[in-house]
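Using the sequences provided together with the hints, build the complete structure.
Protein sequence lines, in the order shown, are assigned to chains G and F.
Convert by adding 8 to the 1-based position in the first sequence; the result is the number in the working numbering.
Convert by adding 8 to the 1-based position in the second sequence; the result is the number in the working numbering.
Be a bit skeptical, because a hint or two may be false.
Remember, identical chains collapse to one label, so a pair may be satisfied in a single copy or spanning two.
What the hints assert, rightly or not - Below, simulated BS3-like cross-link-like pairs (lysine-lysine); rule was C-alpha separation at most 30 Å, straight line: (1) Lys374 / Lys58; (2) Lys55 / Lys16; (3) Lys54 / Lys394; (4) Lys78 / Lys16.
These are calculated hints, taken from the structure and not from any lab test.
Because the structure is a prediction, the values reported are computed rather than measured.
2 protein chains.
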Amino acid sequence: MADSVYRKHLFDIPDNLIYLDGNSLGPLPTAVTARVDNVMSEQWGKKLIKGWNECQWMQQPSHVGDRVAKLIGATPSSVIMGDTLSIKVFQALSAALQLNPDRRVILSDSGNFPSDLYMAQGLIDTLNSDYSLKVVAPEDVVDAIDDTVAVVMLTQVDYRTGRLHDLNTITQKTHQVGAISVWDLAHSAGALPVNLTQSQCDFAVGCTYKYLNGGPGAPAFIYTRPDLISLIAPALAGWLGHDAPFAFEPNYRPAASIDRLRVGTPPVLQMSALDAALDVWDTVDMQQLRMDSINLCELFIEQVEHRCPELTLVSPRNAAQRGSQVSFAFEQGYAVMQALIARGVIGDFRAPNIMRFGFTPLYINKVDVVAAVNILEEIMLTQVWKEPQYQVVSAVT
Amino acid sequence: MADSVYRKHLFDIPDNLIYLDGNSLGPLPTAVTARVDNVMSEQWGKKLIKGWNECQWMQQPSHVGDRVAKLIGATPSSVIMGDTLSIKVFQALSAALQLNPDRRVILSDSGNFPSDLYMAQGLIDTLNSDYSLKVVAPEDVVDAIDDTVAVVMLTQVDYRTGRLHDLNTITQKTHQVGAISVWDLAHSAGALPVNLTQSQCDFAVGCTYKYLNGGPGAPAFIYTRPDLISLIAPALAGWLGHDAPFAFEPNYRPAASIDRLRVGTPPVLQMSALDAALDVWDTVDMQQLRMDSINLCELFIEQVEHRCPELTLVSPRNAAQRGSQVSFAFEQGYAVMQALIARGVIGDFRAPNIMRFGFTPLYINKVDVVAAVNILEEIMLTQVWKEPQYQVVSAVT
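Given below as structure tokens:
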């Protein structure tokens with residue numbers, strides 16, 4: 009039997025904190041601080057403009073992209089880093105529509121992250137054509153995939169409930185009807201095994217500040233199936249996606265490679281932080297990670313249902329249909345979460361009534377799970393969450 | 009008479025380096041390293057997800073935007089930070105076209121930075137309409153502004169030659185014919201006085217890693233004239249531009265303020281680096297900066313023309329028509345620049361034959377200018393640039 013993937017010593021996490029929010033913002037990997045310091049003082053400070061060449065800043069988006077590719081079952085040169093996830097959704101979606109010019113329906117579901125839906129709405133309004141965004145319930149997605157659909161755009165793991173779409177099956181059905189798939193892996197990358205090559209999916213996008221621990225505002229990624237790259241005319245035709253950016257030609261001519269999905273100057277400090285954060289993953293077996301994640305989630309569900317019966321599980325009970333988070337509904341969930349946070353158990357809250365708990369086996373173990381439930385049970389029994397200081401609403405991403 | 013703005017002690021610049029490339033990447037302000045360290049170790053490391061609220065990460069794009077606004081003559085809440093300059097060009101241009109729906113011509117000039125032209129081309133292709141991008145020579149811009157033009161999109165200072173467009177006059181003419189103005193201030197912000205409010209210009213965009221010293225890949229800015237903000241339907245309709253991002257509504261509803269031009273999660277490390285870098289500007293008088301800049305440029309031109317007659321000035325001779333850089337053409341300019349760099353004088357090269365020298369009076373003075381010309385003269389006299397090690401081409405941004 010393989011070892012657990014637990015390696016908390018590679019992170020700087022405060023003592024006495026049980027951090028169940030790595031699905032929102034991963035903690036600080038120990039290697040990051042020294043790396044970013046070096047980039048500031050030794051690279052930017054001493055090399056200045058020469059850093060772009062001598063320190064390979066210009067190659068970071070593809071170098072780091074190749075590292076992310078390994079974690080999502082993608083081949084080298086099929087993933088590029090940059091911008092934010094919302095921008096990457098726009099790039100993928102506009103490219104996908106080009107590949108299916110005779111259809112007008114973008115299919116998504118109500119479990120998608122709102123920004124993905126918003127970006128689709130913004131693109132449709134910009135195209136000023138007869139495109140429409142069709143949003144169905146997650147359980148109705150498969151049936152809604154028909155030959156009117158141009159693009160199926162889904163987030164694999166529901167940000168509120170943790171419900172997991174079957175990426176392979178849905179992609180197959182998508183292709184059977186002649187549609188293009190765009191997968192958002194925000195809550196998949198670093199959370200569970202993904203094999204983009206095997207799935208044959210067309211486009212995938214994701215962020216790196218959640219399970220990949222790249223830091224607040226870390227760059228996003230975009231994957232394109234290698235045979236599609238040359239067919240895309242980038243909507244966001246930035247100079248670093250040009251075939252010869254430093255020739256400063258008057259006309260846009262996209263790079264032959266995945267580089268054509270680069271846009272502007274890469275954020276070198278954030279790219280370097282992410283690059284250092286990815287060191288943690290070098291020896292992680294994704295199957296083992298998934299097994300550890302399921303064990304933690306199962307233990308949490310079992311304990312909470314047993315000891316906190318007021319809370320209602322809103323995540324799928326079947327582990328195979330769930331990502332690496334568990335959500336419980338409770339009408340006063342916001343106040344309960346504030347009381348948890350005050351006691352060192354960090355999860356988060358999603359309106360109207362969902363408490364989310366992310367399980368990240370790199371730095372969370374069974375002892376943490378039991379300790380977290382002990383505190384939750386105490387909060388529920390004492391009803392301490394009714395105290396006024398826990399009622400004040402503030403935004404948490 | 010006011011003091012010079014020279015304050016090199018606020019920067020970490022290597023000894024014996026004469027850095028004439030702050031128009032490409034500004035040097036490291038001393039305050040940045042400690043600030044970013046603190047954000048990593050104390051904020052991300054200790055606050056984790058709570059950093060978004062407790063450390064005001066979420067407010068950074070507007071907080072830093074207000075600081076940039078002061079430097080370009082804009083009112084508070086008219087500038088927002090994020091993404092890259094290319095993305096901001098796309099946002100401004102797509103918004104500008106909406107404001108002028110009956111016209112189909114985007115006017116620009118051949119002195120514009122290629123990425124601005126590329127982004128326009130990408131937008132036009134995406135719109136799949138009968139828009140056209142009309143590119144004229146810089147000196148023909150004013151005459152080409154007529155009532156067929158929807159948007160006049162220009163970079164104020166030519167990245168190769170330093171030629172300075174008259175922002176106020178061109179904006180006036182633009183408005184006289186009923187067109188919308190989009191100004192790229194990449195080589196203006198922190199280089200010369202700009203008064204966006206007085207000019208009444210409609211949109212402005214820029215980067216912060218040049219004269220503002222925000223670091224490699226620092227976030228870009230976008231300005232919108234306050235009365236236009238509510239009229240824009242953002243093409244890039246990201247969740248952080250939503251009126252209530254944390255309500256997670258299914259439909260996009262833009263924020264009432266300039267926040268509607270936010271897109272995705274802000275890059276907190278880069279925003280923090282930029283915020284610290286802006287401290288340098290707190291007491292800088294922009295008129296004095298301009299005077300110092302002109303004095304440095306004039307001295308450089310006079311000395312080079314006198315001592316290096318093989319080089320041809322390609323920047324305007326009249327200081328009023330020039331930004332804060334000076335360019336000379338020489339057929340072997342690439343090799344000469346490499347020889348300069350090897351001797352500690354850092355400028356850069358733009359194809360086919362232009363050597364660029366940026367003058368940044370915050371950390372460059374007359375002694376530096378004379379020393380740089382001494383080295384340039386020696387290189388020209390000895391023809392050391394003919395040595396093979398200076399002929400190898402490599403990309404420099």
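Quick rundown of the hints versus the structure:
1. Proximity of Lys374 to Lys58 under the C-alpha cut-off of 30 Å is restricted to the inter-copy arrangement: shortest distance 24 Å between copies versus 48 Å within a copy.
2. In this homomeric assembly, Lys55 and Lys16 come within 30 Å of each other (Cα to Cα) only across copies, at 17 Å, whereas the closest approach inside a single copy is 34 Å.
3. For a Cα distance limit of 30 Å, the shortest separation of Lys54 from Lys394 across copies, 27 Å, qualifies, whereas the shortest one inside one copy, 55 Å, does not.
4. Taking the shortest Cα distances, Lys78 and Lys16 sit within 30 Å of each other inside one copy (22 Å), while across copies they are farther apart (45 Å).
Every hint from the earlier list agrees with this structure, and none is contradicted.
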